[in-house]
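Chemist: So the chains spell out like this:
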Amino acid sequence: MNPILALTWLLLLPLVASPVIYLAGRISFRLGATAAPARWLAVLALAVTGVPLWFLGEAVLAGGPVSLSVGAISLRMDGVGLVVAVTVMALTFLVSIFSIPYMRGEEGEEKYYALLVSMAATMVGLGCAHDLFNLWVWFEAMTVTSFLLVAFYREQRGALEAGVKYLVQSAVGSALVLIGIAFVFAQTGTLDLQQVAATAAQPTPPQLLAAGALFLIGFGVKTALVPLHTWLPDAHSQAPSGISAMLSGVVIEAGLVAMLRSLGCLAPAAATWGALLLGFGALNMIVGNLMALRQTQVKRLFAYSSVSHMGYMLIGFGVAVGYGIVNGAAGGFFHLLNHALMKGLAFMAAGALLYSLHVARGSHAPLTVDDLNGAGNRYPMTAFALSVAVLALGGLPPLSGFMSKWQIFVAGFETRSTGVELLVIFAAVNSVLSLAYYAPLVNRMYRHEPSAAVAAGRPVSFLMGAPLAVLTLLVVVLGFWPGLVDFITHPAAVHLVSIFSSGAALAQF
Amino acid sequence: MFDLLIVAAMLGCAFQAVRGTRLLIAALWLAGASALTAIMMFRLGAPEVAVIELSVGAGLVTVLFVFAINIAGEEPPVTLRSLVPAPLAWIVALCAVGLGAAMALPNLRVESSLLQADKFATVLWEHRSLDVLLQVVLIIGGVLAVLGLLAEGRANARKESQ
Amino acid sequence: MPDISTLAILSIALPWAGAVLIWLVRDRQPQLQHALAVVFTLAGAAAALAMIPQRSEVNVLDFPLGSAFGQVTFLPDGLAVFLAVVATTIGCLAVVFSVDYMKGEKQLGRYYAYVLFFIGSMVGLVLSSNLLLIFVFWEITALCSYALISFYNDDPKAVTAGIEALIITQVGGIGLLAGALFLYAYQGNYDVPTFLAGADRLPPNVLALMAFGFLVAAAAKSAQFPFQTWLPDAMEAPTPVSALIHAATMVNAGVYLLARFYPAFEAVPNWKLAVVSVGAITALMAAVMALVSNDLKRVLAYSTVSQLGYMVYAIGAGGIFASQFHLLSHAVFKALLFLSAGAVIHAVHTRDMREMGGLGKQMPLVKVVMIIGGLALAGIPVLNGFWSKELVLEAGHEGGPLWAWLFMLVGAGLTALYTLRFLTMVFYGEPRSGQHVHDAGPAMKVALVPLALGTLTTWLLAGSFGHFLGKALPEGHDVESTGALLLQVATAPTTFVALAVVALGLAAWWQRARLAGLAHSLRGIGTMASNSFGFEAINRAVVSVTEASAESLRTTHNGVLNWNVMAILVGLVVVLAILALGGA
Amino acid sequence: MMSLSLPLMAAVAVLGLLGIGLLGLLVTRNLIKVVVGLQVLVKGALLALLLAGRLSGQVQTGQTLALTVIVADTIVSVVALALAVQVRRQFGTLDLQALSTLRR
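Residue numbers (this note's numbering), protein chains in the order written: chain A, 1 to 509; chain B, 1001 to 1162; chain C, 2001 to 2584; chain D, 3001 to 3104.
The reader is advised that the hints may include incorrect statements.
To be verified - Simulated DEER-style distance windows between Cβ atoms:
{"hint": "1", "chain 1": "B", "residue 1": "Pro1047", "chain 2": "A", "residue 2": "Ser501", "range": "54 to 62 Å"}
{"hint": "2", "chain 1": "C", "residue 1": "Pro2002", "chain 2": "A", "residue 2": "Trp40", "range": "16 to 24 Å"}
{"hint": "3", "chain 1": "C", "residue 1": "Leu2553", "chain 2": "A", "residue 2": "Ala47", "range": "42 to 50 Å"}
{"hint": "4", "chain 1": "A", "residue 1": "Met381", "chain 2": "C", "residue 2": "Gln2031", "range": "34 to 42 Å"}
{"hint": "5", "chain 1": "A", "residue 1": "Met381", "chain 2": "B", "residue 2": "Ala1086", "range": "51 to 59 Å"}
{"hint": "6", "chain 1": "C", "residue 1": "Ser2544", "chain 2": "A", "residue 2": "Arg458", "range": "35 to 43 Å"}
Unchecked claim - Incomplete in silico selection of chain B near chain C, CB under 8 Å:
{"hint": "7", "residue": "Met1001"}
{"hint": "8", "residue": "Val1084"}
{"hint": "9", "residue": "Ala1086"}
{"hint": "10", "residue": "Val1092"}
{"hint": "11", "residue": "Ala1093"}
{"hint": "12", "residue": "Cys1095"}
{"hint": "13", "residue": "Gly1100"}
{"hint": "14", "residue": "Leu1105"}
What the hints contain is simulated information worked out from the structure, not anything from laboratory work. Glycine included, each C-beta is placed from N, C-alpha and C at the ideal position.
Next comes chain A alone, as it looks inside the complex (with noise of 0.2 Å):
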């Protein structure tokens, strides 16, 4: 296939197939059945869109980026973007499938797969946008998708708390952007990317650092940066557990790499956006962490957990854009799909488990950690899952949580400068600080005595195990050979510090 063809119809088919999952489980719902179409349609798309996926990724790994004009927009699937691909695709395609039996007879199913695909498609333009504004577009169609996914049990305050506070913070970050991209269109006179590096002055004009701030911090909304984060907790917690593992999995990376997109254009500052990224990241980690340690609902905990893991990416990220290290953009990005995986799997994990305790009994209680206690013995499979899931994000080996915080622990020896190695002992303090709240998790699953939920807990059912098979497999399998996921995410660090590298070299000085 046509890599150019293949770049459209990935974009274009979950994009044309989502008003006619809607519309197929609407009609379907109207006469009298089910909204089951809806479901089907949904995991069919994403599948199907694995085609010209495949295609691309081909042509992308062996000839280098694809590049699609419409207009004077350009749109390339380079590295950075394949890897965002990749990782969108595959979690959503799980997580659609997980929630067939989950999302079973909601009422607004259809809504909530339609939008579950347009909202993957909206992603991956965001991973292969070239142009400022154009980013922005694909960015504010990601965010404006997700606002029904997250408040979706509309008849929960919960959701709705969520929901509104989401929107509200997504907007502003949003009109921040819009700031940074007006001094940067008003500096330049362009948009596309590669032409404001090109046009972008040395030393870097103070509005095009004001543009950077903007940048950082309206991305950094959704990227939950500490203090911007506020929105995550509540929106991963009330979301459906389909929505949390995507939320958690994709949307902030996505976030991420939007910020990154948008200060690659500022690169001759790039000293700066380093240090910047490092700082932030130290913040997430620690708050993520001391948030996360006296939680008492899991999908809370995990949101917290995911704050956390933002800080160890973006010091992967940091040092490869102060630095210049290719190993931190690897390392990155290794994290960004390992966290997706991980982080997947325990929304999913916990999700089947609140499914099964709660959701199928009518309920909408929260899970709460003391719910968990002696679900091994009755959900070993699920329970064996979170457990994996868990203790990889706690970056215990052989998992692969563990191997992409080393990756990026390695890079930030790899700078050779005492503050950076100071700040990866501090980050590997803080991935033991989370074992504090890791730990007791899975040690509650295997107790002897179950909870009164658990006890009364229906059966977990094959489509909602299957994705968390996967997963848990995946896990493990990348915790012993890392080295299989390189030959995507190191294209995409050597592209991602080739962009930095005109503001890296600075910092050699």
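With chain A fixed as given, assemble chains B, C and D onto it according to the hints.
Modeler: Using the frame of chain A, we list chains B, C and D on its own:
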């Protein structure tokens, strides 16, 4: 001088919209600010967008606000104390704007004498057609969200029948 | 006969495969689980033993893991194979012992899976020559040990102890982590032999950081000062099997690490002194704590900490051979002691020695073997503990400072004292528990007898053991024959001094009534010792400070939208201010 | 001294709208008024884009950007208003104080 008046009036309207205690009045102030923004847009040489802002920003959005306020019901206009101490809010907002201004204003680029040759329609439909296409995605997403949020649910219907 | 790299992989993979199988069998078939566990650990031990004749001084196997992760390489030299054999055989004994001990327990699959996973990782830890892999296996052993300690999940004490062990060893592990990262940053790979061959190519300050980082890691893993608190608490694990794993296997990892990297760090200023100090302080302090504890397993745990102090001390003084030889002796006699203690505890259903007594009559075999083990621990000739401890003291006399040597002597006396104390409390005197006591089961006895024989005889292997370690020992360490070594020990003046101190210790026990006054005046130390010299308090303080800061941070998340927007703006203002000040 | 040129006036308008919008988001307690604040904020951004287009001599591009932003912003506002209606139904109030059950 005309511009100065417009800007002053616009900011005044905006301030009233944010400050007022009654929702309907605030929506009307916002409409005023929107209309004045449209004039400012026209002055900046953007007649097409000005018209759209006038119809959408001042018209459609105001209507939607009125609808929403009607459905949601006006809150009794009790003046509640702000949750964030007002002086702190002022300081932070001023700091943010002031710092932005300090970094951007002195370096405000001299107005380019070059004028874009292309027409608005050309730029919109040819150069930036992708943005326009994506608006469709935005609209679909928004419509689905509103439908999902406002649909009279089964549970809701049950509740109301009780 | 498979080649060495296959054997290395087998000795790791067999226990791991067994772990997975046992997990898959599920708990409905406990007999099958017992059988699988025994078969797979035996196979692992066989693979480890088969490596003995084929050991190699160079890396074997080379499997790329990915850019930042290096290659999978193994270095099965004498040191590594020795420790692999120790790990697998002791692990095997633990499993055999469990067949009786864990009969009827729930969640047997989980238990055996951890034990077997642990054994395989321990082998991997000593065989790997890629520092990253060493770290990985290091962490896996920590993970398994945590899981085993908190095996009785319903008991909050066990959970707390498990998490404490996990966190303390992980904090220490950061030292190893930093070392591995430095190695990659400055050498470009993780290869240990390359590093050992030319450590001086690294900048001196980096090398020093690595050296002290490794010391911290080793101290945490081997429960040395100031990280000793986790090991006694780890005795919450299923008695005595995981105690055995902790006390006789995993803690060796720290000693191994120091011994392995001794050639690289030898020249780092003050490093040897630091190692000696850690060892000496630990040996003495833990001996005092063993003296005042009334919990049989805790006494043995403290004694383990103390004996590990001897090994660390020996390394710091340059006596690598002495430390490894003591490790061998200790592994044997401590395994014996723990297993017999397990049999005792299994019989009387308590760990409190004040409720034991007079058990000698009911459990004659256990009594005999435990006394053999105890005497070896006390360093009574001609048991294996005597020879190795004397070698340690001799090495320390030559290579370490005098104060540390005196510490160790006092420690030796205290060791004799507390050994007699616990043996008496358990086996002699009037029976203090009214419970029916049942003797150890057959599988337990099968595990005990070979260990008792080993305690009596392993010292005869001294010469061939030295030869076996071969190039793993640092340069200039001439390997002598058994006879020469024994003669050297038997004629050295330190031996007689040490024996005199040990005799003093024994005498103190017989004369304990007369020394009551002295003991009374020393009560302060006793109280301090039973409070772990305040280290528990430090742990608690760290925990409470962390929790308090987490709690106060939580109050800032008040969930009000206005404040959330405020946070965004403050973030913006701060970043803008940084840029305006720094960028202008 | 800079004259009261049109670009300067536009810049002042942008800054003023931004400041007022942000201030509104900080002090208002009513959810619908929060949406008003967002509207003001985005109007500032709109003017900023048009001004940028003018300054760089690409007025038409600036216009297209502004058009897309208007569409996006209107959609966000509509969804926000729908949320507000739903909040009123479920919570019985639009006060943000009541909407702070998820905390810590």
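Chemist: Look at each hint and say if it fits the structure.
Modeler: Going down the list of hints, with the structure as the test:
Separated by about 44 Å at the C-beta atoms, proline 1047(B) and serine 501(A) break the suggested range of 54 to 62 Å. Checked against the hint of 16 to 24 Å, the pair proline 2002(C) and tryptophan 40(A) fails, with Cβ atoms roughly 51 Å apart. Between leucine 2553(C) and alanine 47(A) the C-beta distance comes to about 44 Å, which sits within the given range of 42 to 50 Å. A C-beta distance of roughly 24 Å is found between methionine 381(A) and glutamine 2031(C), which places it outside the suggested range of 34 to 42 Å.
Distance hint for methionine 381(A) and alanine 1086(B): a CB-CB separation of about 55 Å, consistent with the stated range 51 to 59 Å. Judged by the Cβ atoms, the range 35 to 43 Å given for serine 2544(C) and arginine 458(A) holds: they are separated by roughly 40 Å. The restraint placing methionine 1001(B) at the interface with chain C is violated, with a minimum CB-CB distance near 32 Å, outside the 8 Å limit. A least Cβ separation of about 5 Å between valine 1084(B) and chain C falls short of the 8 Å threshold, and the interface hint therefore holds.
Contact between alanine 1086(B) and chain C, as hinted, is not supported at the beta carbon level, the nearest pair being about 11 Å apart and thus beyond 8 Å. With 8 Å as the threshold, the beta carbon of valine 1092(B) comes within range of chain C, its nearest partner Cβ sitting at about 5 Å, so the hint holds. The interface hint given for alanine 1093(B) is met, as the beta carbon of that residue sits about 7 Å from the closest beta carbon of chain C, less than 8 Å. Here the hint on cysteine 1095(B) is kept, as its CB sits about 5 Å from the closest CB of chain C, short of 8 Å.
A least Cβ separation of about 7 Å between glycine 1100(B) and chain C falls short of the 8 Å threshold, and the interface hint therefore holds. Interface hint at leucine 1105(B): violated, since its Cβ lies 13 Å from the closest Cβ of chain C, which is beyond the 8 Å cut-off.
Consistency with the previously given hints fails for numbers 1, 2, 4, 7, 9, 14, ordered from lowest to highest.
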